[in-house]
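> For the record, the sequence lines run as chains A and B.
Each residue of the first sequence is one higher than the last, beginning at 1 in my numbering.
Each residue of the second sequence is one higher than the last, beginning at 1001 in my numbering.
Please note that a few of the clues may not be correct.
To be verified - Dumping the calculated EDC-like pairs for lysine to aspartate or glutamate here, alpha-carbon to alpha-carbon at most 20 Å: (1) 37/A - 511/A; (2) 1307/B - 1369/B; (3) 1152/B - 8/A; (4) 6/A - 1205/B; (5) 1308/B - 1327/B; (6) 39/A - 535/A.
Hints in this document: simulated from the structure, not taken from any laboratory.
Computed from a predicted structure; not experimentally measured.
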Amino acid sequence: MPLPGKNDTLYLPPVIETIPTLVNKTGLWRFLTPVRKDKLSPCRALCPLESGIPLWMEKVKKGNWKQAWQVMERFNPFPALTGYACYQFCRSECSRGKWDEALNIREIEKAVGLWRQENYRLDRVEKRPARGKNHPPRVVVIGSGPAGLSSAYYLSRMGAEVTVLEKEPAAGGLLATGIPGYRLPRMVLEKELTILQDEGIIIKTGVEVGKDFLLNDLAANCEALLLAVGAGRDRRLHVPGDNLPGVMGAIEFLKEINLSRGANVSGTVVVVGGGNAAVDAATAAALSGAEEVFLVYRRSKEAMPAHPEEVQAAGEAGVQFLFNAVLDEIHGSLRVEKASFSKVQPSQRGDEIRRIPGEGFTIECQMIIAATGQQGSLPGLVPLPEIAAGKDAAFLETGCCLLAAGDAVTGPSNIASAIFGGRRAALKLAEILWETGDLESSLLPAPALKKGQGLVSFASLNPSLYPQQRALTHPQEEAARCFGCGNCHNCGVCWAFCPDLAIEYRNGSYEFQLDYCKGCGICAAECPAGVLFMEEVHRPGTKINER
Amino acid sequence: MNGNQAAALAVKLSRAQVVCAYPITPQTSLVENIAEMWARGNFPGEYVSVESEYSALSYLIGAAYAGARTFTATSSQGLAYMHELLHWASGARLPIVMVNVNRTLGAPWSLEPDQRDSLSQRDTGWIQLYCSDVQEIMDTVIVAFRLAEEVKIPCMVIYDGFSLSHTYEAVQLLRQEQADLFLNPPPKSALIHPSRPQTVQPVTDYRYMARVVQAGHRAMMQVPGRLGEIDRLFAEIFGRKYSLAEETNFGNAETIFVAAGAMAQTVKSFLPLLDGGEEKNGLLRLRLFKPLPEEEIVSILNKPFIKKLVVLDRNLSMGIGGVFAQEIKALLQGTGFRGQIFELNLAGGIDLTLDLLRRGMERINAWQDGEEKIIWGVDL
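Turn these sequences into a full structure, and let the hints guide you.
So, in structure tokens, the structure goes:
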């Protein structure tokens, strides 16, 4: 190449290439490639119901309660119940929490549920004949807890004739007998049961399998039997004196209180255990006339399986907590008089319990509530392990299909998990009971947010400039704070942040120009919906254009 | 008016088309004056505020490529922040004009008018003109536009913080028609345009680069001559005469002070007070520093009756000494100059007083072989 200019040149014009910088494919420098992947939003991933929270939140945001309910129904037929009694797993990882404060999802769910109860219109589905029959399938659900009711609801909506049997005098299972009224108002539950009955579901209370009728007799007269009998009886304490009058299981105690059989609560009550049942029982005892309530748990406070929200409520009700102590013996001649405890080394979940020799205490008490777990009632009813595991359906000799759901399968869980179990069982049964699956698919959770949905308003992002959110009274305003995580909703933040102009807005969406993306990862870090990921991707060889 | 107002007015009279600056500290009121004129609709060009000095010069580089007459202003840390782009502007030969108001570079923070900020940009390929009074600031800004556009080299107009930037002096205003007569119309040649996407200054190899820097050097060597011509034109139109290096009292003075900026003006007024009118002391004021007008300075200084040179530096290149002193020593190397060269160093922004100058001269007069030739203002 000859040298440009001469020795005495005073000015060389700048080098200007007639081709634009587009020829410089800086994307060749890239080691990581941005990839857009729709995923479950954190709330949805944590929800036992896998509820499409951003989907119905979008409807609430627009004030369209009917559509919100229609979307909600695909995941959860009882938002009023979960809106009161769910432990709101969804809220713990809410992306909005990283911005200002996690969205109050449960309150909005409650609002949708109460709207549904108030605006309920009879919308009975036409019954469909079962596979190979000329009448609709008859389904008997044993147990009217959340799992039983949810399966009954879905099966009825799909065209089955459903009967629910309940051994207690009131329907609702743990909803009625286990969850205290201060957590779930009885009116709300009763309204929900009325709706179910209006839908054509027959609920019979006070009938017990094995006592009032036999399983085989039921099986002869129906196409499917669903066992949603719950987790069963309280486990015994297995210490000397655990059979004295005045010792009760937590589930039994809550049932007494909730069904108003007049549980005689007075004097000092000791609750043994650290789960939700223990805390509920302690709180109920404190609110039902006990002078003093102690909750004794063998591990530390942090290790309690109970939901922190419940623990706090218990403290406010006057429950006194004693941690790192185990029950040794219950004393009394005719009734419980006192209980002796040993102190143990502080431990976390999974650690071995070690008594500290010589250190202990005694509490004089009139009642001891055992809340150390429940033992299943299902094995007594069904001998088949695959049924008990809830994985598969079995067919009895009569051709009746047998399936289990809810706490009977999973052990003690929570209302949301039980409703999910009921839904799953209903969908499984539907595959067996009917030929085609049109109606079922309408109840399957499917859709993702459409592009452009889920955009958060500027006002919502600036609570210091605009009026504070009023979640409890104005659910619509609270819903407007939802980021709509999990799906790209075309907000354009990636486009705004890309320092290389390697993201272009084309045909209604943002597209990566990978020829120029250097893989810096700023877009992925900034994406508010969390759908951009940096991945090491093999690039097929790109040629550098010749100058 | 003060120096900043004078500069702002000169920018307006020069019909600068794009002014871009970072308006916050360490910026001076200069840009505020321009912004105010612009906001009132009294400014012919566009004024743009950006978020940093770095962005300001980047913006002007683009504007200059597009053929606009451009101006920015800064001070101390702001100039240092521009450093990378100073090289880019000079390498691309863009006639950008900038005012730098001398202020001490941190650490620690200081507001004094130390010259280190501009002198540490000595090798960036920019022309540097040092002003010594407010009138000269106004005149030099206009001169800088003409000079930069003629030689296609960016030009820095420099004056002392506070003692010129914020001090009010009587100024003879330039008239717009005079300025229009003096300045060529802004260059029309746009190297870039949005309608023609293209790559400006892509990667080259050493051969092209070698020619670019050589051409830059050759052009820089033309500056003293061109400035001399522009000064003559300026004198014709405006009636004020400037020279590349201004000499005072060179009759048969034994001691010559060498200074730049406001300090030169101060020394000039002290000369008769120092020797009681005996004209034993003279002054050489450096106006064009980068490039130094070698021929002129050597012919002025290389006189047999000069015994001592005292170079006043309100700056310091640590490990060497004052920057002006270093440059003067290099120029006189091999010329047969026989006098002693002393430095009176006021680095840190020390204010030059008559008392301080007298005590400095006592030290210099009592100097003996083997002693340090830097007289520290801070010790006097």
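> All hints are to be evaluated individually against the structure, with a verdict given for each.
Here's how the hints hold up against the structure:
1. 37/A - 511/A: 13 Å, holds
2. 1307/B - 1369/B: 15 Å, holds
3. 1152/B - 8/A: 16 Å, holds
4. 6/A - 1205/B: 17 Å, holds
5. 1308/B - 1327/B: OK: residue 1308/B and residue 1327/B at ~16 Å, within 20 Å.
6. 39/A - 535/A: At roughly 15 Å apart (the allowed maximum being 20 Å), residue 535/A and residue 39/A satisfy the hint.
Violation of the numbered hints given earlier is absent; every hint is satisfied by the structure.
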